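Can you build the whole structure from these sequences, using the hints too?
Residue numbering for the sequence shown follows our numbering, starting at 9 and increasing by one per position.
Treat each hint with caution, since some may be false.
Said to hold, decoys possible - Under the rule of at most 30 Å between Cα atoms (straight-line distance), these lysine-lysine pairs were calculated in the DSS-like manner:
hint, residue 1, residue 2
1, K75, K118
2, K126, K46
3, K75, K99
4, K290, K80
5, K348, K44
6, K401, K368
7, K152, K65
8, K267, K88
9, K199, K44
10, K10, K199
11, K199, K118
12, K348, K267
13, K373, K80
14, K326, K44
15, K154, K11
16, K126, K75
17, K400, K373
18, K280, K270
19, K126, K154
20, K359, K401
21, K248, K88
22, K373, K126
23, K368, K326
24, K164, K126
25, K373, K411
26, K290, K400
27, K11, K65
28, K44, K10
29, K88, K75
30, K99, K403
31, K11, K99
32, K411, K80
33, K270, K88
34, K75, K164
Calculated directly from the structure, the hints in this document are not laboratory data. Predicted, not measured: the structure shown is a model, and the values here were computed from it.
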Amino acid sequence: MKKENVDVLVIGAGPSGSVSAAYLNKQGVNVKVVEKTKFPRFQVGESLIPRCMDNFKEAGLLDCLMKQGYEKKHGARFIKDGVHGCFDFSKKYGEGWNWTWQVPRDHFDKTLIDEAIKQGVSVDFETEVTNVEFNGTDSLTTVKHKDGSESEIEAKFIIDSSGFGRVIARQLGLEAAPKIAEHGSIFTQVKDINRPEGTEGTLITFEIIETEVWFWYIPFSNGNTSIGFVGPMEWINKFKGNTTEVLEEMMKTSPYYYKQFKDLPYLFDPYKVENISKNVTKLFGDGFVLTGNSAEFLDPVFSSGVSFATETGLLAAKLAVKQLNSQEVDWQVDFVDYIKDGVEVFSTYVKEWYTGNLQKIIFHKNENPVFKEQICAVLAGYVWDKTNPFVKKHKHILRSVAKLVEMEESMS
9 MKKENVDVLV IGAGPSGSVS AAYLNKQGVN VKVVEKTKFP RFQVGESLIP RCMDNFKEAG
69 LLDCLMKQGY EKKHGARFIK DGVHGCFDFS KKYGEGWNWT WQVPRDHFDK TLIDEAIKQG
129 VSVDFETEVT NVEFNGTDSL TTVKHKDGSE SEIEAKFIID SSGFGRVIAR QLGLEAAPKI
189 AEHGSIFTQV KDINRPEGTE GTLITFEIIE TEVWFWYIPF SNGNTSIGFV GPMEWINKFK
249 GNTTEVLEEM MKTSPYYYKQ FKDLPYLFDP YKVENISKNV TKLFGDGFVL TGNSAEFLDP
309 VFSSGVSFAT ETGLLAAKLA VKQLNSQEVD WQVDFVDYIK DGVEVFSTYV KEWYTGNLQK
369 IIFHKNENPV FKEQICAVLA GYVWDKTNPF VKKHKHILRS VAKLVEMEES MS
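As structure tokens, then:
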């Protein structure tokens, strides 16, 4: 059986794997990427947040993205009972990017990995990992190619960026109960021929149907728009029929967008995903680390998926370089503790969104501009900035502010 030797094997060619591989290649590391599918391939998660721009830049992948003409995302809008709550990233607390993109992920992901290949990264598509054996920090990975043949890859380290494929987590039995309530989603894309002119037609919007049920509207620069619903499985399963029939019925619950989409055909049969959130018992072990959705996924409500994928992918690559250079790396402190700090902040915001507390703050008619700037920074992905009270005190501050809002509204 053919055997290949590399320093680092990256499993998965999505944003997390692309960032890891591109950074490692820049550092002169012999890196190999294996990807189960053929690109371009469909992937949900089309809305980015500004923090990921820092990661693309550091990995050397930002310039290629700048040339693509993706729809710029300058903020986000929330709608509930006809009331609008808007966030402008240029008016957030602290430093950092003031914009990002809304992207068709098939094109976006291919752009990233193509640039990594252009820079010298070796990538094998349609190559599935069938087994991984660890011997100390070294590993031997067996892969199956499109033609059915097998080969082996010996690596000093593995970065598992396999997303919802969750290769290492499944093989080593690392799956854990999710931190967020079990929600599901149904989504598709449409040719948005009824799109309004101007800002209205370009602004990513989250429409709240019920406290735990919401609809997303993510317009792309190519004229297509991503639409979908997220809610408890109990709500999702109330709708009967195939996924097209279910989504058509769900659209009737959207006061704001129903007319815009009611007669438009879907570009593909809607996808249904049950129990979106994912978690693992540990993020690293001897010879491997988990990044992106292969490690943990919270909820799509604040578009944090690609940001955490690139954050973990870049950090994993940096620490892998140190380890390969015989420098001491404390994966618990340097990787897990750091990432979990950010994940816990976002988890609080997701949980308080679904309790309704964050929604009360967003839709409060007498909004506090300082609070809004600080919350905006969190929604932009700057969840490690402890100078921001809405980061540092995240466990309590949203509930406290929501109570103040309730008191104000009861007295008005």
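### Index of numbered hints that the structure contradicts, given in increasing order
4, 7, 10, 12, 22, 23, 27, 29, 31, 32 and 34
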